[in-house]
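Enquirer: Build out the structure end to end from the sequences listed, making use of the hints.
2 protein chains.
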Amino acid sequence: MVWKAGDNFDIAISTRVRIARNFKDTIFPNRAADTALENVCLEVCKAVINSNSYISNEFDYIYMGNLSDAEKEKLIEKHLISPNLTNRKSAAGALINKSEQISIMINEEDHIRIQCILPGLSLEDAYDMADKIDDLLEENITFAFDDKLGYLTACPTNLGTGVRMSVMLHLPAMALTNNITSVLRTAGRYGLTIRGIYGEGTESMGDLYQISNQNSLGMTEKEILLNVKAVTKGVIKRERELRKMLFENDNPAIKDKIMRSYGVLKYAEKIDIRESMQLLSVIRLGADMGIIKDLEIEKINMLIKNIHPALLADVIEIDEEKMNIDIKRAEYIKSVLNS
Amino acid sequence: MVWKAGDNFDIAISTRVRIARNFKDTIFPNRAADTALENVCLEVCKAVINSNSYISNEFDYIYMGNLSDAEKEKLIEKHLISPNLTNRKSAAGALINKSEQISIMINEEDHIRIQCILPGLSLEDAYDMADKIDDLLEENITFAFDDKLGYLTACPTNLGTGVRMSVMLHLPAMALTNNITSVLRTAGRYGLTIRGIYGEGTESMGDLYQISNQNSLGMTEKEILLNVKAVTKGVIKRERELRKMLFENDNPAIKDKIMRSYGVLKYAEKIDIRESMQLLSVIRLGADMGIIKDLEIEKINMLIKNIHPALLADVIEIDEEKMNIDIKRAEYIKSVLNS
Numbered sequence: 001m002v003w004k005a006g007d008n009f010d011i012a013i014s015t016r017v018r019i020a021r022n023f024k025d026t027i028f029p030n031r032a033a034d035t036a037l038e039n040v041c042l043e044v045c046k047a048v049i050n051s052n053s054y055i056s057n058e059f060d061y062i063y064m065g066n067l068s069d070a071e072k073e074k075l076i077e078k079h080l081i082s083p084n085l086t087n088r089k090s091a092a093g094a095l096i097n098k099s100e101q102i103s104i105m106i107n108e109e110d111h112i113r114i115q116c117i118l119p120g121l122s123l124e125d126a127y128d129m130a131d132k133i134d135d136l137l138e139e140n141i142t143f144a145f146d147d148k149l150g151y152l153t154a155c156p157t158n159l160g161t162g163v164r165m166s167v168m169l170h171l172p173a174m175a176l177t178n179n180i181t182s183v184l185r186t187a188g189r190y191g192l193t194i195r196g197i198y199g200e201g202t203e204s205m206g207d208l209y210q211i212s213n214q215n216s217l218g219m220t221e222k223e224i225l226l227n228v229k230a231v232t233k234g235v236i237k238r239e240r241e242l243r244k245m246l247f248e249n250d251n252p253a254i255k256d257k258i259m260r261s262y263g264v265l266k267y268a269e270k271i272d273i274r275e276s277m278q279l280l281s282v283i284r285l286g287a288d289m290g291i292i293k294d295l296e297i298e299k300i301n302m303l304i305k306n307i308h309p310a311l312l313a314d315v316i317e318i319d320e321e322k323m324n325i326d327i328k329r330a331e332y333i334k335s336v337l338n339s
Numbered sequence: 001m002v003w004k005a006g007d008n009f010d011i012a013i014s015t016r017v018r019i020a021r022n023f024k025d026t027i028f029p030n031r032a033a034d035t036a037l038e039n040v041c042l043e044v045c046k047a048v049i050n051s052n053s054y055i056s057n058e059f060d061y062i063y064m065g066n067l068s069d070a071e072k073e074k075l076i077e078k079h080l081i082s083p084n085l086t087n088r089k090s091a092a093g094a095l096i097n098k099s100e101q102i103s104i105m106i107n108e109e110d111h112i113r114i115q116c117i118l119p120g121l122s123l124e125d126a127y128d129m130a131d132k133i134d135d136l137l138e139e140n141i142t143f144a145f146d147d148k149l150g151y152l153t154a155c156p157t158n159l160g161t162g163v164r165m166s167v168m169l170h171l172p173a174m175a176l177t178n179n180i181t182s183v184l185r186t187a188g189r190y191g192l193t194i195r196g197i198y199g200e201g202t203e204s205m206g207d208l209y210q211i212s213n214q215n216s217l218g219m220t221e222k223e224i225l226l227n228v229k230a231v232t233k234g235v236i237k238r239e240r241e242l243r244k245m246l247f248e249n250d251n252p253a254i255k256d257k258i259m260r261s262y263g264v265l266k267y268a269e270k271i272d273i274r275e276s277m278q279l280l281s282v283i284r285l286g287a288d289m290g291i292i293k294d295l296e297i298e299k300i301n302m303l304i305k306n307i308h309p310a311l312l313a314d315v316i317e318i319d320e321e322k323m324n325i326d327i328k329r330a331e332y333i334k335s336v337l338n339s
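For the protein sequence lines, the chains are B and H, in the order given.
Counting from 1, one number per residue, gives the positions in the first sequence under this note's numbering.
Counting from 1, one number per residue, gives the positions in the second sequence under this note's numbering.
I should point out that these hints are in silico values taken from the structure, not numbers from a laboratory.
Wrong hints could be hidden among the right ones.
Since the list gives no way to pick out one identical chain from another, each pair is judged satisfied if it fits inside one copy or across any two copies.
List time: in silico DSS-like cross-link candidates among lysine-lysine, alpha-carbon distance up to 25 Å [what the hints assert, rightly or not]: (1) Lys222 <-> Lys244; (2) Lys270 <-> Lys244; (3) Lys266 <-> Lys46; (4) Lys255 <-> Lys322; (5) Lys98 <-> Lys266.
Expert: Here is the structure:
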């Protein structure tokens, strides 16, 4: 995932478009034999690599059977593959491009899951990118398609367009003012869901929430996009209003909360992932509102991304048993904040 | 009170010796008429000012009736007078020397309360100083004295020598390891008491405790001194052992607690007295154990002294209604720690 600032970067962290596709005349992954699934892997790889598109040689093929647990975890933390995909020891893999903006998962729930992730609110660009990969694959692969139901998928919620569009939003002001529930309700009324990410169920870590369409049937891709975009913009507008409101009348309590969070992140000797995410959320709000001076939001975004166990091991040396991970996380956070 | 480092300054903050004396043939303050008490004030002032001692012109006379509430509060926070003394609107006062190490309260519970405070563990010096004032007063005043009971005082616990010796100790390691109760018990066995200061009853603020003799009868001044000194040295030794133990095996939890406390003090936008005292106690331990580098204990001592409401108003501008006192306290703490 790319975490550089994009459109509406103060609130929109990233946009993800996913397209689900399946091979015609091949059983869905959960019931198919390994030989059939190995063939799916082969055909998808061939379709990408043999295509005439300039992007074809930007992809690396990652075969699940060849990955260590740490490598799998790292790809999951980067949102490039799903935990589900790693359950399969063989006959599954992913094609990932060099910039890590495009991932094509093979034999997850569906035979093919195209996924594009871009920073900020970038629904059009992310959809265009995913759509191009879809076209490229369709040159060589015949997809399971029904005139009435559209693209066929393992789970009925993905029938039709097979498209899910989601935007990851940072909503600290909504969380601080207890407005999350009301946003969840509003989103539901428009056929969208909002879920906390990095947490379980709707619980959130670091006030990060993902807004996405619930259904992919009965609407065109364009309609889905416009709907997700409109509701997301509404949520962003509300979050901005609440941020402004929070800092009206020189609110010392909220300033205090922000500066203390900054102080703890700059001085803690050990810190777990949950607390880090919460404090980073608060200082991200502080940096956006100008309470913390000279702190780039990009630095905070980088931390939000890199403090997860597998990725952290990439940026700082960690004991094999991970006994010292909270100490190393604190060290890494300090090094970035003081850089 | 002087808060500069003294003997055993890592643990002993200050030493206080108090001598209670009363005029012969004058009723104790709680029952005496104002005219008699005004005469006591006059006689004590004359005794000090007319004495041949070089220290006689180092004293200022402070009359309770002339003080504002803020001035009274400030003297109390400096431990130069007691809250009791301020209850009297007239016929009461104090002679305080320029270095603020000596205070002679007039018409508190007793007619005369000589009090000397020195930094660190300095029982001999503080007693010598108080004893000199006692001699000086005795040149001109006849004290109430009984051959059997010794010096007579308003409260029987002060009979005999009229002497109370106390040492203020910083005991964060004992507090962290839950050893305070056992020290209280041990002290009691030796006829001493340990009380939390700045708190109510035995509760402490900032892990500061005062150890002192319970009785002043049946022992000479020297015996009292040696007893208080021996027990205090035992407590200091135990606290040092516990500090060492806490940091054995590179204890990351305690290091984390220290550094987070430092971070909060350096970044908070508002902070109340109780939390400040607690965090200052923890960083004082951290500075002593070398966990926090380049932070002089004197700076922390100065903060522990100055963050109390009346004294704080002396070092930083505070709204008259004291609405912003927690904000100003945070500002002051940051300015000292960053200086």
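Enquirer: If a hint holds in the structure, say so; if it doesn't, say that too.
Expert: Now the hints, each set against the structure:
For the homomeric pair Lys222 and Lys244, neither the shortest alpha-carbon distance inside one copy (33 Å) nor that between copies (68 Å) is at most 25 Å. In the homo-oligomer, the alpha carbons of Lys270 and Lys244 lie at most 25 Å apart only across protomers (21 Å), although the nearest pairing inside one protomer, at 33 Å, exceeds that limit. For the homomeric pair Lys266 and Lys46, neither the shortest alpha-carbon distance inside one copy (49 Å) nor that between copies (59 Å) is at most 25 Å. In this homomeric assembly, Lys255 and Lys322 come within 25 Å of each other (Cα to Cα) only across copies, at 19 Å, whereas the closest approach inside a single copy is 35 Å.
For a Cα distance limit of 25 Å, the shortest separation of Lys98 from Lys266 qualifies neither inside one copy, at 33 Å, nor across copies, at 43 Å.
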